[in-house]
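Undergrad: Sequences listed follow chains A and B, in order. For the first sequence, my numbering begins at 1 and goes up steadily by one. For the second sequence, my numbering begins at 1001 and goes up steadily by one.
Treat the hints as calculated values from the structure; they're not laboratory data. A portion of the hints provided could be inaccurate.
SDA-like cross-link-like pairs, simulated, lysine to any residue; straight-line CA separation at most 25 Å [unchecked claim]: (1) A:44 x B:1111; (2) A:44 x B:1078; (3) A:273 x B:1055; (4) A:44 x B:1087.
Computed footprint of chain B on chain A, listed as stretches where at least three residues anywhere in the stretch have a Cβ under 8 Å from a Cβ of chain B [stated by the list, open to error]: (5) 34-40; (6) 49-61; (7) 218-231.
Across the chosen pairs, the derived CB separations fall in these ranges [as the list claims (entries may be wrong)]: (8) A:166 x B:1043: 52 to 58 Å; (9) A:144 x B:1040: 36 to 42 Å; (10) A:29 x B:1197: 30 to 36 Å; (11) A:18 x B:1042: 44 to 50 Å; (12) B:1081 x A:247: 42 to 48 Å; (13) A:247 x B:1057: 43 to 49 Å; (14) A:114 x B:1040: 19 to 25 Å.
All values reported here derive from a predicted model rather than from experimental measurement. All C-beta atoms, glycine included, are put in the ideal place defined by N, C-alpha and C.
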Amino acid sequence: MNGTASGAAGAGAGASNAPIAALGGVAGSQRPASLLRRVLLQGKYEALAMLRNGEQLILAVVLPLLALVGLTVTPFLDGMGGSRIDVAVPGILALCAMSTAFTGQGIATGFDRRYGVLRFLSTTPLGRGGLIAGKALSVLAVLCLQVAVVSAVAFALGWRPEAAGWLPGLLLLALGAAAFTALGLLVAGTVRPEATLAITNLLWILLGALGGIVIPAERLPAGPQSVVHFLPSGALGESLREAFLGGTLNGAAALILLLWTVIAGAAAIRWFKWN
Amino acid sequence: MLRVVSEVSLVAERGQVTALLGANGAGKTTTLECAQGLQKRSGGTISLLGQDPASAGAELRSRVGVMLQDGGLPPSSRPIPLLRHIAGLYETPWPVDDLIRRLAIDSFSRTTVRRLSGGQKQRLALAAALIGRPEVLFLDEPSAGLDPQSRQLVFDLIGELRDAGMGIILTTHLMDDAQRLADYVYIIDGGRNVAEGTVQELLQRNPGVEAGAEHIRTLEFEAAPGLDFDGVLPAGIAVSEARAGSYSVTGSLTPAHLAALARWWEAHNIMPASMSLQARSLEDVFLDISGKDIR
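Next comes chain A alone, as it looks inside the complex (with noise of 0.2 Å):
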């Protein structure tokens, strides 16, 4: 095709616009927004699509939060080496890193594929990778928002983390979520929306009750006890505990969550139906 245009002769206009030429006609020399720019709006877009659903909403924060309450009221965690609430709080911020990576924005984008929204956006400037990015950006957005309700409802109820365990907990929960999104996009891009919703849905409520990330392997049953340290979510929930009870990163558990990351990325990238 060599529909190449140029300057353009005026248009009819009709009564009440400007013709089309006035605007600067049709564009020879359109370029795209930089791609920060591009990358940021996107990740702008998508988290306040994000917060404006009451069902993600629910899982992000109200879900996350009665777990929190719900953990310091009962004796599940006692004689783990630390408060009820000391316990909970890093189980209770993977969770949220699950909800919102995994979950959440594993539906959203299993419908928006569904719509065409993939198809459309991936025609603009935007592109694919841009769509990814914005995506993966709005995610981290999502959980800044998260970490900071949690921790200031976990501090009001008696929360005191180790200082030192601040920064390895950040980059873990940073690597889990990417961990979460590569899963989420990898069944939200391979299996039609339904049965993604049934699917991320099914495994936040498994993975938070048996996949270790709330409550700690030692007190899983045997049988899920054997695999959990292998799973994103049992990784990341140890690795946090250690991080804010002790202030030490779990390397191992660093390296699990990149191996799952890296691992379903690729089959991501490899799988993912655009249409």
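Start from chain A and add chain B according to the hints.
TA: For chain B alone, coordinates are given in the frame of chain A:
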């Protein structure tokens, strides 16, 4: 490997509306999506503004506007924030307020996309495709779901854009749309283009239709049922009664034929209740070329 499109070759020029016509499943959308870089092709070459769309970057995408058949707009978004967001992806976008006015989007600006009517969604999707002031515009079934007023609005804008130098490539299975809008037409059937030309050229010459077909007219009129037209018109002019009292006269009609018919009506004191004369249309050409079987 399923081969949906195999022998399609087309050129779309700037300042023209190029239409891809075809029945459902003919390969129009696949052709368009390959040209937009949305689908990978297994062979052949495509040049969009001198570049291969399959490996295009943001620079090329900023010069091309795409309106998908299914819209591709987020269902939970509202029109104006969505358009402002898309506008932000370009360095010098079309002023959003101007597009809103031109496509009468302000009347439903507070409604989410999922609650818009089919025609409103189409207008919004067109605005989203135009927001980057593209040099090339792809429209997949642009008039689907449009009411007559919206259709007029959209067609007028497409005409303006063409006059302003935009290259517009659209698919449709509505022959009226193509006849009204297109400067050049490709008819696609079974994944290959089987005919091409301007509307006038297609009406005048196409393979499989006998010489002189361009002069064929159909006169339809309503009168009393069961009239006997034996000997009124010469051989080669077919008269049929499709249903009681509804007659169709088809052939290379001349003023003499019309006069003979009128004289016969006068002699038998027949006054038709209604009457229309139609030239051969693009739809007739299309049906001649691609057949009348349901796909």
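Undergrad: For each hint, tell me whether it holds in the structure or not.
TA: Tested hints:
no., hint, result
1, A:44 x B:1111, "21 Å, holds"
2, A:44 x B:1078, "15 Å, holds"
3, A:273 x B:1055, "17 Å, holds"
4, A:44 x B:1087, "14 Å, holds"
5, 34-40, "holds (count 3)"
6, 49-61, "holds (count 3)"
7, 218-231, "violated (count 0)"
8, A:166 x B:1043: 52 to 58 Å, "56 Å, holds"
9, A:144 x B:1040: 36 to 42 Å, "37 Å, holds"
10, A:29 x B:1197: 30 to 36 Å, "33 Å, holds"
11, A:18 x B:1042: 44 to 50 Å, "45 Å, holds"
12, B:1081 x A:247: 42 to 48 Å, "44 Å, holds"
13, A:247 x B:1057: 43 to 49 Å, "45 Å, holds"
14, A:114 x B:1040: 19 to 25 Å, "21 Å, holds"
In this structure, only the earlier hint numbered 7 is contradicted, and the remaining ones agree with it.
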